[in-house]
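Please put together the full structure from these sequences, using the hints given.
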Amino acid sequence: MDSFPNPREGGDLMKTHSRRPGRACPPTRANSRRSPIATYCAAVISAAAGSAYAQQAATSAPDESELQTVVVTGIREALEKAAEEKRAEESIVEVVTQEDIGKLSDPSVAESISRLTGLAGQRVHGRVQDISIRGFSGDYVTTLLNGREQASTGDNRAVEFDQYPSEVVQSVMVYKTTDAERVSSGLAGTVDLRTMRPLTYKNNVLTLGVRAERNSLGNLNPEGKATAYRANGTYIRHFLDDRLGVGIGYARLDSPEQEQHYKAWWWGANPIDPNANPVVYYNNGASMLNGAELYNYSRHDVRDGLVGALEYKASDIVHSVTDLYFSRYAQHTWDRGWEAFLCPCATGQAIANPTYTAVGGGPPPPGSPVGTTAPTTTFVTSGTYNAVQSILLNQYATTHDRLYAVGENFELDLGPWKTAADLSYSYAHRQQQWTETYAGYTPFNSSAGDASIPFRNALAGLPNLSSTLNYANAAAIQLGDPAPWGGWGHDGVDNRPTSTDKIKSVRLTARHDFHGPISSLHFGTQYQVRDKTLQELEFDLMLKNNRTPINVPSTLLKSPVSAAWGGFGNVITYDIPRAMSQLYTLQQFTDNNGYTGDYTVNEKLTSGFVQFELNSKIGDTPMRGNFGAQLVHAQQSTTGFCPSCGGQHVSGGTSYNDVLPSANIIFDLTPEVLLRTYVARTMVRPLMSQLGDYVNATPQADPLDKSCNPAPNQVCYHWAGNGGNPLLRPWRADAFDVAIEKYFSPASYFSVAGFYKHFKSFIYDSVGNNNYNFSGLNPNGLGPIASPYGSFSQPQNATGGNVRGLEASLNLELKLLWSGLEGFGTQIGEAWTTVSVPPDPNTGPTLPGFSPRVHTFTFYYEGHGFEARVAERYRDEFVGAVQTTFDFRTYTQILADRQLDAELGYSFNSGRLKGLSLTLVGTNLLNSAYRDTTGPLGSTALTTPQVYERYGRVFLGGFNYKY
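Here the working numbering is used: the first residue of the sequence shown is 1, the next is one more, and so on.
What the hints contain is simulated information worked out from the structure, not anything from laboratory work. Only a predicted model underlies this, so the values are computations on that prediction, with no experimental measurement involved. Any given hint could turn out to be false.
Listed next, the in silico DSS-like pairs over lysine-lysine satisfying Cα-Cα at most 27 angstroms (straight line) [stated by the list, open to error]: (1) K558 x K263; (2) K263 x K225; (3) K313 x K962; (4) K558 x K225; (5) K914 x K202; (6) K742 x K815; (7) K313 x K504; (8) K202 x K313; (9) K544 x K558; (10) K760 x K604; (11) K502 x K604; (12) K962 x K202; (13) K504 x K604; (14) K962 x K914.
Structure (structure tokens):
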């Protein structure tokens with residue numbers, strides 16, 4: 001496969017060699033106080049100017065392409081291309097390239113880039129969906145497709161990478177530093193997905209690939225399946241004497257997902273009488289598991305991805321590229337299982353035959369008096385819950401996503417002047433529906449449904465639970481509302497959230513080349529409009545005949561699912577869509593929380609940049625790079641709802657400017673050793689969910705305040721609420737990086753990089769304002785109201801905090817150590833990061849996505865047609881954003897995760913089967929569990945187990961053929 005040009009931001013392809021355009025430092029005055037960034041730029045320019053004219057053009061560094069003297073293929077080819085691009089780039093980058101068209105075996109590009117140094121993936125239902133860079137989650141990362149910002153199907157800006165098939169993405173550039181020309185960039189980094197450029201291929205190409213897939217958990221629900229397939233194809237052809245190139249690529253994913261899911265609802269002590277003095281507790285006040293769930297999930301994912309490219313080089317002057325990307329994704333989910341309130345607050349009984357375990361008592365928190373220890377907490381870790389009323393859940397969910405992205409880039413090469421125009425449009429739409437129904441032993445809340453639930457190892461990630469009842473007994477079980485305390489007031493729920501995201505952009509750039517230390521000037525402007533709309537539609541399901549409980553009709557019954565993996569037996573299973581249409585009616589449900597997911601955000605960004613390319617010397621040391629600045633004007637406005645205002649719309653917005661200087665300077669210490677330095681002001685815009693302008697307010701009774709008149713001794717009500725903040729400004733940080741790279745061979749190098757980011761502005765996710773004016777809001781009959789002012793919690797900007805880290809990576813062909821190891825190689829990446837930020841009420845004293853240590857390791861062999869590799873990746877625990885039931889976003893402490901994947905292949909390089917390659921792949925070979933905990937986020941305080949999930953090992957086998 002021929003290497004790709006490096007598309008510029010916005011698809012600007014007018015320059016395909018390795019030198020990136022320069023960036024402008026901010027202007028300075030002789031008598032003014034300079035910022036660290038301005039001082040750095042001034043020093044570099046002064047040094048370059050002092051030595052530039054002492055050098056001759058003939059002393060320029062040798063062409064890096066001379067290093068590669070042997071034509072290679074396969075794994076080594078991909079590594080050589082990645083190393084070549086990493087070395088040539090003026091930014092600090094990590095690179096993934098395909099061995100050949102359509103041969104990247106990962107389900108999505110997320111798995112591929114999560115093995116890069118300093119990057120880590122967050123698994124969602126077993127697949128990597130969110131990428132963290134240097135301790136920042138995907139919310140701080142900007143994702144581009146061929147240099148253009150992409151819309152997201154999620155509720156915020158972060159792109160869900162499983163929407164992008166690995167087979168149609170030819171390379172991925174992960175920029176850890178930015179420059180002035182890259183207008184769309186993130187605070188943590190920028191991920192640029194690059195698709196085909198037909199004219200970069202020497203010949204016409206036709207490829208076809210097919211793989212079968214199987215999950216080791218088998219089939220956990222009757223509608224699911226354990227086997228499926230993946231297929232892909234690519235066709236590239238040249239016309240008009242290689243002046244016109246057409247390319248099209250297609251990838252289909254038909255994949256089974258299985259999931260064994262356990263969740264502990266909450267932990268704590270249970271008072272027998274909370275009003276007693278002193279309060280007496282069940283089980284001597286020990287903390288206990290108060291509720292739990294065991295579910296079987298089966299998902300069927302179908303994704304169709306299509307890329308197209310039309311490249312036309314009419315002459316040496318005119319060049320145009322048209323890009324198209326389309327993705328259609330459908331997921332069907334079946335979920336059955338058991339759940340119950342286990343606490344004495346629901347059963348009225350203490351845990352029988354309890355076993356107690358004391359946890360804690362270790363080193364005290366920092367600042368504690370000398371000689372003290374951390375407090376201990378006593379837990380009930382085994383015993384029997386009695387009189388438990390179980391809820392049997394059957395759920396069916398669908399997700400339908402559509403993504404479109406189209407771009408047109410037109411270039412003119414007028415000698416020393418080069419210009420480009422780029423137009424793009426990105427669209428993402430998601431339609432979801434969750435339907436869940438309940439069943440239980442009848443009569444509900446009677447002794448008929450009382451179960452004894454013995455349990456062991458409650459503090460384990462997955463405790464052992466069992467029951468004395470048969471939950472597959474269709475004759476004794478009825479549909480309805482079996483929850484304690486009289487039930488939920490409905491027999492099921494149906495939720496239908498939608499999101500639509502649109503980005504339109506136009507970009508104009510120009511470049512002029514010079515002779516001298518400043519080799520070129522780049523400048524341009526970009527105008528971008530983004531509109532994102534989220535809507536929530538919620539229904540209660542009510543059984544017909546005035547909610548009379550009913551046995552499941554035999555025509556709707558299916559084979560029971562088994563929860564034996566959690567200690568339970570079988571659970572009743574039925575056809576949920578048919579049951580919904582035959583047995584239930586819909587009743588729309590509206591509460592204040594429902595409005596938090598209904599809002600529209602509009603952004604208009606006008607950006608200008610100027611950038612200088614540097615190519616000079618300091619003494620005998622070649623120096624290259626760029627310096628520049630962006631000026632960004634942002635206008636943002638949002639519209640939401642205020643339920644307390646009669647459901648009327650509320651809106652707000654603001655505008656602001658940012659100046660973002662940057663400089664990337666590289667010193668070629670020797671032909672094989674590079675020293676990279678970087679300083680910049682970076683930013684990322686607030687989350688859409690933080691900007692959403694909604695007001696959720698309710699008067700709260702204050703039993704201690706009886707000052708209201710005229711009724712004597714009547715308690716007063718005080719306003720309290722929460723909402724979004726359309727006035728938020730971006731996260732902003734000053735960034736400093738230094739890296740040194742040593743290259744041993746075309747595919748071998750060692751790199752060490754250090755980075756530091758100081759926050760000039762960050763966002764607290766939830767901050768109280770005790771002087772918020774609620775005038776004009778409807779108290780809904782509650783009162784009297786003491787004052788129109790009250791407490792209101794919303795995101796707010798603040799200052800301070802920093803992130804710092806160290807990264808080391810080694811790519812080594814082992815033949816450099818001993819010739820007998822020809823074909824063997826290894827890739828090792830280590831990253832250590834620390835975070836210091838003021839504690840956030842939602843995430844604690846940390847950042848979402850921050851893991852103190854991230855590790856990757858790959859060992860490979862390639863030779864005589866064989867390819868083999870084993871890859872491991874590990875990340876420490878971190879605070880991650882998750883979507884809870886019914887699409888509510890929250891944060892949780894996700895525990896450390898280790899993944900092991902392997903691949904074995906053989907390629908026929910001669911004879912009648914030339915072009916054919918066979919592949920066997922195994923992922924999640926450790927079947928490692930996803931685990932998270934409850935407790936103070938981001939701290940060393942005591943936490944308790946919450947979610948435990950296993951997804952099974954996945955095996956793929958198939959072939960690729962290239963003609």
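Report task. Determine which of the earlier numbered hints do not hold for this structure and return their numbers in increasing order. Result -> none
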